[in-house]
Amino acid sequence: MSVNGLAFDYPSRPVLRNINFSICNGTFLAVLGVNGAGKSTLLKCINRVLKPRVGTVLIQKEEVAKLSRRELAKRIGYVAQRREQLNTTVFDAVLLGRKPYIQWEASSKDLETARKALSILELEEYSLRYFDELSGGEQQKVMIARALAQEPDLLLLDEPTSNLDLKNQMEVLKIIKKIVAAGRIAAVVSMHDLNLAIRFADKFILLKNGEIFAAGGLEVMTPENIEKVYSTPVKIMEVDSIPVVVPV
Amino acid sequence: MVVTDTSDYKRFTGRKKAVLALLAVLVVVAFAVAINTGSIKLSLYEVIQAIVSGGNGVSDLVIWRIRLPRITAAIVAGAGLSVAGCVMQNTLRNPLASPSTLGIANAAAFGANLAIIVFGAGSIQSTSTDAVIINNPYLVTVLAFVCSMLATVVILLLARLRNFTPEAMVLAGVALSSLFAAGTILIQYFAQDYQIAAAVFWTFGDLGRIAWPEVAILAVLVTISFIYFMFRRWDYNALDSGEETAKSLGVNVERVRQFGMLVSSLITAVAVSFLGIIGFIGLVGPHIMRRIIGGDHRYLIPASAMIGSLLLLVSDTLARTMAAPVVLPVGAITSFFGAPLFLYLLIRGYQRR
Numbered sequence: 650m651s652v653n654g655l656a657f658d659y660p661s662r663p664v665l666r667n668i669n670f671s672i673c674n675g676t677f678l679a680v681l682g683v684n685g686a687g688k689s690t691l692l693k694c695i696n697r698v699l700k701p702r703v704g705t706v707l708i709q710k711e712e713v714a715k716l717s718r719r720e721l722a723k724r725i726g727y728v729a730q731r732r733e734q735l736n737t738t739v740f741d742a743v744l745l746g747r748k749p750y751i752q753w754e755a756s757s758k759d760l761e762t763a764r765k766a767l768s769i770l771e772l773e774e775y776s777l778r779y780f781d782e783l784s785g786g787e788q789q790k791v792m793i794a795r796a797l798a799q800e801p802d803l804l805l806l807d808e809p810t811s812n813l814d815l816k817n818q819m820e821v822l823k824i825i826k827k828i829v830a831a832g833r834i835a836a837v838v839s840m841h842d843l844n845l846a847i848r849f850a851d852k853f854i855l856l857k858n859g860e861i862f863a864a865g866g867l868e869v870m871t872p873e874n875i876e877k878v879y880s881t882p883v884k885i886m887e888v889d890s891i892p893v894v895v896p897v
Numbered sequence: 004m005v006v007t008d009t010s011d012y013k014r015f016t017g018r019k020k021a022v023l024a025l026l027a028v029l030v031v032v033a034f035a036v037a038i039n040t041g042s043i044k045l046s047l048y049e050v051i052q053a054i055v056s057g058g059n060g061v062s063d064l065v066i067w068r069i070r071l072p073r074i075t076a077a078i079v080a081g082a083g084l085s086v087a088g089c090v091m092q093n094t095l096r097n098p099l100a101s102p103s104t105l106g107i108a109n110a111a112a113f114g115a116n117l118a119i120i121v122f123g124a125g126s127i128q129s130t131s132t133d134a135v136i137i138n139n140p141y142l143v144t145v146l147a148f149v150c151s152m153l154a155t156v157v158i159l160l161l162a163r164l165r166n167f168t169p170e171a172m173v174l175a176g177v178a179l180s181s182l183f184a185a186g187t188i189l190i191q192y193f194a195q196d197y198q199i200a201a202a203v204f205w206t207f208g209d210l211g212r213i214a215w216p217e218v219a220i221l222a223v224l225v226t227i228s229f230i231y232f233m234f235r236r237w238d239y240n241a242l243d244s245g246e247e248t249a250k251s252l253g254v255n256v257e258r259v260r261q262f263g264m265l266v267s268s269l270i271t272a273v274a275v276s277f278l279g280i281i282g283f284i285g286l287v288g289p290h291i292m293r294r295i296i297g298g299d300h301r302y303l304i305p306a307s308a309m310i311g312s313l314l315l316l317v318s319d320t321l322a323r324t325m326a327a328p329v330v331l332p333v334g335a336i337t338s339f340f341g342a343p344l345f346l347y348l349l350i351r352g353y354q355r356r
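Protein chains in written order, with the numbering used here: chain H, 650 to 897; chain U, 4 to 356.
In case anyone wonders, no lab produced these hints; they're calculated from the structure. All C-beta atoms, glycine included, are put in the ideal place defined by N, C-alpha and C. One should not assume that every hint holds.
Unchecked claim - Covered stretches of chain H (chain U as the covering partner; in silico rule of three or more C-beta atoms under 8 Å from a C-beta of chain U):
no.	segment
1	692–702
2	711–723
3	772–786
4	878–886
As the list claims (entries may be wrong) - In silico DSS-like links for lysine-lysine, alpha-carbon gap of 25 Å or less:
no.	chain 1	residue 1	chain 2	residue 2
5	U	Lys19	H	Lys765
6	H	Lys758	U	Lys44
7	H	Lys827	H	Lys857
8	H	Lys723	H	Lys765
9	H	Lys758	U	Lys19
10	H	Lys710	H	Lys700
11	H	Lys765	U	Lys13
12	H	Lys884	H	Lys852
13	H	Lys823	H	Lys852
14	H	Lys758	H	Lys827
15	H	Lys700	H	Lys723
16	H	Lys715	H	Lys700
17	H	Lys827	H	Lys765
18	H	Lys816	H	Lys827
19	U	Lys19	H	Lys715
What the hints assert, rightly or not - Residues from chain H that keep clear of chain U, each with C-beta distances beyond 12 Å, as calculated:
no.	residue
20	Ala656
21	Pro663
22	Ile751
23	Pro872
Bound conformation, chain H alone:
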């Protein structure tokens, strides 16, 4: 997947300017930056939930702007930051990920794919529970399972761990890491928690005022860069050889 010269404006102000990057399958890319830096907007521009003002997004060498929504939905799975409460079972919620493939009714292959997505997220036992009866962490996993049921090449996850407790944060990110490490798909994940980002992501984009401030591997996550992006002085320490970002 590559993004070339992307820019997006809201009527009142420009949000993203001159965004360029590319990632290959098997990459976990963390998009970092302060609130309002344009993280969510960037994700939405990639799968055309928002229409970028200029610039192109290519996925497997196809231009996203030229694909129909249905074709796009077969290539990019997206989990929004905001979750709606659903009056359906977990299985139905995940089966919805098969929507781009379903013509009239879900085939047995669709059911099987949804079931597999549930089992990847270890949600089998919740299958026939109602979505709105689950905890926030469980609901988030259901949403990720739904995105996986789309059998995408790319996952876009908008702050998947916000509002989750420590255990669920770790679980969700471990699962994403595992899926990506299997090598077939890439993930672009907007995140707030720098420690989790450093721990799980392979590549990083630091957004500042709608532009890429720094991009690359772990080497860009220096105290200097972080301080410039977040306007907060930090130190990076190691606890049991795990890097930890500490504001000072």
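Start from chain H and add chain U according to the hints.
Chain U in isolation, oriented as in the chain H frame:
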């Protein structure tokens, strides 16, 4: 329950299909009761004979001219209004949405008032069981329809400017609703007593004023709309997950909303123009079924249609029999019996689904 294959899920959806089948049976039973109910007593044999082969003069007249059009209208209009409410609640993301939310019913009432009072299409006749007659029903129907479509077009145009956001559509509907209500009040303020009586009588909603040609128009419209809604059922499910998620699942959100509103408004406009205002079914029908079978539109759309048919048919049969030979206004009966049923389900909560 651990799902190691999809058979448990299939059993689960099988239960929903069983609910649909049960509803269908109930509609058939209600139909059978309704066709055998009326001031002229016919034996079951006469009824069946009249339906199948025409019967004798009286039974033929009673069945084919009076009861069947009325019953068919109840089934078709009930299904149409309820399914329109179901889709409106989805596209407007508002549990209070119903065919009357967008001001369509008020607009139709305004049109009917215009026809009856300004263009003199109504008068009073004290000898009939129905104290009021409408001299020129076609004018009333046409003006009611024109006004309700006007309201629909205005809302859709306004909504287009705001990208079909639910808030914009609901607020525009509320504004139009009170605009037409105010217009109706002004017309009535300068009207004669008998004209007001006729106009108020019109708004009550009555299945008796419909004949086969109108039933046919309504039936064709409701059938086509139902098929369209069924084609869109996965889109409506996706919309329940939020606008952005729906887009990411390949749904053309604006177009689905636009057509959903247009088609359900059309059903409402035609039904209200022919029958007068029959409230509550469009609101309560889908909610009853949501509480029984959940929010999956694959089952919710047909279930809403059938519960609508059932509610309106049962209400109309009660309206015909409770104070016979006086026929009570069916619009009031639907609310009178629908509301307690709905409250019961509301209190009992989400236990079954």
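Checked hints:
no.: 1; hint: 692–702; in the structure: holds (count 4)
no.: 2; hint: 711–723; in the structure: holds (count 7)
no.: 3; hint: 772–786; in the structure: holds (count 5)
no.: 4; hint: 878–886; in the structure: violated (count 0)
no.: 5; hint: Lys19(U) x Lys765(H); in the structure: 24 Å, holds
no.: 6; hint: Lys758(H) x Lys44(U); in the structure: 57 Å, violated
no.: 7; hint: Lys827(H) x Lys857(H); in the structure: 29 Å, violated
no.: 8; hint: Lys723(H) x Lys765(H); in the structure: 17 Å, holds
no.: 9; hint: Lys758(H) x Lys19(U); in the structure: 21 Å, holds
no.: 10; hint: Lys710(H) x Lys700(H); in the structure: 19 Å, holds
no.: 11; hint: Lys765(H) x Lys13(U); in the structure: 16 Å, holds
no.: 12; hint: Lys884(H) x Lys852(H); in the structure: 20 Å, holds
no.: 13; hint: Lys823(H) x Lys852(H); in the structure: 16 Å, holds
no.: 14; hint: Lys758(H) x Lys827(H); in the structure: 24 Å, holds
no.: 15; hint: Lys700(H) x Lys723(H); in the structure: 19 Å, holds
no.: 16; hint: Lys715(H) x Lys700(H); in the structure: 12 Å, holds
no.: 17; hint: Lys827(H) x Lys765(H); in the structure: 15 Å, holds
no.: 18; hint: Lys816(H) x Lys827(H); in the structure: 16 Å, holds
no.: 19; hint: Lys19(U) x Lys715(H); in the structure: 40 Å, violated
no.: 20; hint: Ala656; in the structure: 20 Å, holds
no.: 21; hint: Pro663; in the structure: 20 Å, holds
no.: 22; hint: Ile751; in the structure: 6 Å, violated
no.: 23; hint: Pro872; in the structure: 35 Å, holds
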